[in-house]
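Asker: Residues per chain are reported as follows:
Number of protein chains: 2
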Amino acid sequence: MTRLSLDIDRASPVPLYFQVAKQLEEQITAGALAPGTKLGNEVQLAAHLGLSRLTLRRAIEELVGKGLLVRKRGVGTQVVLGQVKRPVELTSLYDDLARAGQQPATQVVRRDLAAAPEDAAAALGIAPGSTVLYLERVRSAAGEPLALMHNWLPQRFGRITADDLAARGLYALLRSAGVTIKVARQHIGARKATAREAALLGTRRGAAVLTMQRTAYDDSGVAVEFASHVYRADRYSFESTVVSH
Amino acid sequence: MTRLSLDIDRASPVPLYFQVAKQLEEQITAGALAPGTKLGNEVQLAAHLGLSRLTLRRAIEELVGKGLLVRKRGVGTQVVLGQVKRPVELTSLYDDLARAGQQPATQVVRRDLAAAPEDAAAALGIAPGSTVLYLERVRSAAGEPLALMHNWLPQRFGRITADDLAARGLYALLRSAGVTIKVARQHIGARKATAREAALLGTRRGAAVLTMQRTAYDDSGVAVEFASHVYRADRYSFESTVVSH
DNA sequence: GAGTGGTCTAGACCACCGA
DNA sequence: CGGTGGTCTAGACCACTCT
Numbered sequence: 216m217t218r219l220s221l222d223i224d225r226a227s228p229v230p231l232y233f234q235v236a237k238q239l240e241e242q243i244t245a246g247a248l249a250p251g252t253k254l255g256n257e258v259q260l261a262a263h264l265g266l267s268r269l270t271l272r273r274a275i276e277e278l279v280g281k282g283l284l285v286r287k288r289g290v291g292t293q294v295v296l297g298q299v300k301r302p303v304e305l306t307s308l309y310d311d312l313a314r315a316g317q318q319p320a321t322q323v324v325r326r327d328l329a330a331a332p333e334d335a336a337a338a339l340g341i342a343p344g345s346t347v348l349y350l351e352r353v354r355s356a357a358g359e360p361l362a363l364m365h366n367w368l369p370q371r372f373g374r375i376t377a378d379d380l381a382a383r384g385l386y387a388l389l390r391s392a393g394v395t396i397k398v399a400r401q402h403i404g405a406r407k408a409t410a411r412e413a414a415l416l417g418t419r420r421g422a423a424v425l426t427m428q429r430t431a432y433d434d435s436g437v438a439v440e441f442a443s444h445v446y447r448a449d450r451y452s453f454e455s456t457v458v459s460h
Numbered sequence: 216m217t218r219l220s221l222d223i224d225r226a227s228p229v230p231l232y233f234q235v236a237k238q239l240e241e242q243i244t245a246g247a248l249a250p251g252t253k254l255g256n257e258v259q260l261a262a263h264l265g266l267s268r269l270t271l272r273r274a275i276e277e278l279v280g281k282g283l284l285v286r287k288r289g290v291g292t293q294v295v296l297g298q299v300k301r302p303v304e305l306t307s308l309y310d311d312l313a314r315a316g317q318q319p320a321t322q323v324v325r326r327d328l329a330a331a332p333e334d335a336a337a338a339l340g341i342a343p344g345s346t347v348l349y350l351e352r353v354r355s356a357a358g359e360p361l362a363l364m365h366n367w368l369p370q371r372f373g374r375i376t377a378d379d380l381a382a383r384g385l386y387a388l389l390r391s392a393g394v395t396i397k398v399a400r401q402h403i404g405a406r407k408a409t410a411r412e413a414a415l416l417g418t419r420r421g422a423a424v425l426t427m428q429r430t431a432y433d434d435s436g437v438a439v440e441f442a443s444h445v446y447r448a449d450r451y452s453f454e455s456t457v458v459s460h
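As given, the protein sequences belong to chains A and B, one line each in that order. The working numbering puts the first sequence at residues 216 to 460. The working numbering puts the second sequence at residues 216 to 460.
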């Protein structure tokens with residue numbers, strides 16, 4: 216068991232549980248809290264930090280949800296054993312690449328106002344054939360094509376231009392437009408690349424590709440985007456942390 | 216906004232927040248609470264149900280986490296628009312198939328005590344070459360092969376037999392052995408099937424397959440299993456719901 | 001300004017675990 | 001048995017959104 220030393224600023228607008236969770240996470244990923252380390256019990260720990268037990272618990276829950284801590288009733292809380300990796304969250308490919316220093320680049324192949332195909336219309340909850348913004352983009356990292364991305368968005372986003380998309384990720388543009396994406400449903404599969412996909416992705420026809428379809432909803436529960444993407448399997452894979460309830 | 220009618224049993228050992236969450240979820244998936252329906256505000260709703268606001272909030276949070284409800288400060292809580300699907304949780308392929316009425320069957324190809332290869336040893340946090348239980352199984356559904364599964368487990372699980380595995384899923388066996396899996400890290404990719412994989416899966420060499428590697432940890436944070444699976448992409452895909460924090 | 005969710009507290013009792 | 005996390009309460013103040 217270790218003495219935790221955390222820096223809590225009650226004057227900050229950042230919630231206390233978030234301050235605690237962030238610093239704990241940093242200490243775990245930095246190795247200051249080694250795997251297997253037992254945290255003290257919640258009551259004493261909360262008193263030590265000058266927080267209510269519930270606030271401390273909320274911070275711990277955050278990290279349990281990320282798979283960094285493990286709790287067992289009657290026993291205690293400890294740092295999970297095994298190497299720690301960042302779990303994937305709801306982020307855009309652009310952000311992921313930028314964070315990894317991979318210099319993402321986007322080539323806009325198409326940007327049309329077009330009639331929505333059936334699957335996109337169903338996902339967006341609009342009538343098939345309605346006018347939507349259709350995007351086809353190739354995302355490259357470190358100079359090599361990585362993904363071929365197709366997106367359908369409601370017509371109200373029709374002001375997004377090809378230039379916008381070349382400079383920033385779609386999700387960043389949506390955020391600037393005041394859209395907060397809260398929930399997304401994803402479907403991940405695999406198949407072989409078509410000739411056109413292979414040409415755009417710089418690979419061979421018939422190469423294995425990962426496919427992802429995603430419907431994203433904003434904070435009022437309205438579908439904001441339907442996406443159907445194709446990734447080069449030799450250069451990309453999905454990572455996730457799953458926690459049982 | 217609707218009048219909620221829930222059945223809360225304070226004598227039950229089931230936590231109140233769980234009772235509320237479960238019944239709310241049922242009403243949403245059953246359509247009794249239509250997409251877009253606004254729930255009343257938390258203070259009144261809690262009073263109406265005879266619960267503290269925090270307990271009600273905890274129930275709501277459960278469903279927000281599953282992507283069934285959406286909250287916005289200053290506005291309210293409502294059922295997410297768009298068709299509702301069950302989000303995927305940490306379940307085994309066997310359970311998923313059984314629930315879908317797909318009659319899962321398992322053929323145990325190999326069951327050995329063998330030396331751990333490097334990647335499995337690293338995932339399990341043991342020395343390479345240590346003795347581990349190695350499993351190779353083919354999972355079929357509705358009479359057709361679906362997945363080729365490789366698992367490596369610490370030697371203490373060496374008492375698991377091929378017969379056990381033919382009758383029940385691996386996770387069910389581990390549960391019976393008192394092991395609770397709490398966290399898993401997964402990696403999903405794609406490639407082409409090798410000749411051997413194609414033969415076992417009843418498909419053609421070079422067919423696209425989905426691959427998943429998973430390391431699972433129990434409630435004390437110890438790695439319990441390392442898995443490397445191959446799925447026929449024409450018969451299987453991964454589905455998930457992602458929620459932003 | 002009125003109404004909403006977001007955070008926080010101090011205390012309480014319980015269920016489970018290990019010695 | 002003592003120690004731990006799991007649940008629950010009644011109240012409070014704040015930040016945000018809409019009109």
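Wrong hints could be hidden among the right ones.
Given that identical chains are not distinguished, each listed pair holds provided it fits within a single copy or across any two copies.
[Stated by the list, open to error] Computed cross-link-like contacts, DSSO-like style, restricted to lysine-lysine with a CA-CA straight-line distance of at most 30 Å:
hint: 1; residue 1: K287; residue 2: K407
hint: 2; residue 1: K237; residue 2: K253
hint: 3; residue 1: K407; residue 2: K253
hint: 4; residue 1: K237; residue 2: K407
hint: 5; residue 1: K287; residue 2: K253
hint: 6; residue 1: K287; residue 2: K237
Honestly, the hints are just simulated from the structure, not real lab data.
Asker: For each hint, tell me whether it holds in the structure or not.
Answerer: Each hint, compared with the structure:
For a Cα distance limit of 30 Å, the shortest separation of K287 from K407 qualifies neither inside one copy, at 45 Å, nor across copies, at 41 Å. Only within a single protomer do K237 and K253 lie at most 30 Å apart by alpha-carbon distance; the minimum there is 18 Å, versus 33 Å between protomers. Proximity of K407 and K253 under a CA criterion of 30 Å is satisfied in neither setting, with 47 Å inside one chain copy and 44 Å between copies. Taking identical chains as interchangeable, the C-alpha atoms of K237 and K407 are never at most 30 Å apart, the minima being 41 Å within one chain and 41 Å between chains.
In this assembly of identical chains, the alpha carbons of K287 and K253 lie at most 30 Å apart only when taken from the same copy (11 Å versus 37 Å across copies). Proximity of K287 and K237 under a CA criterion of 30 Å is satisfied in both settings, with 22 Å inside one chain copy and 23 Å between copies.
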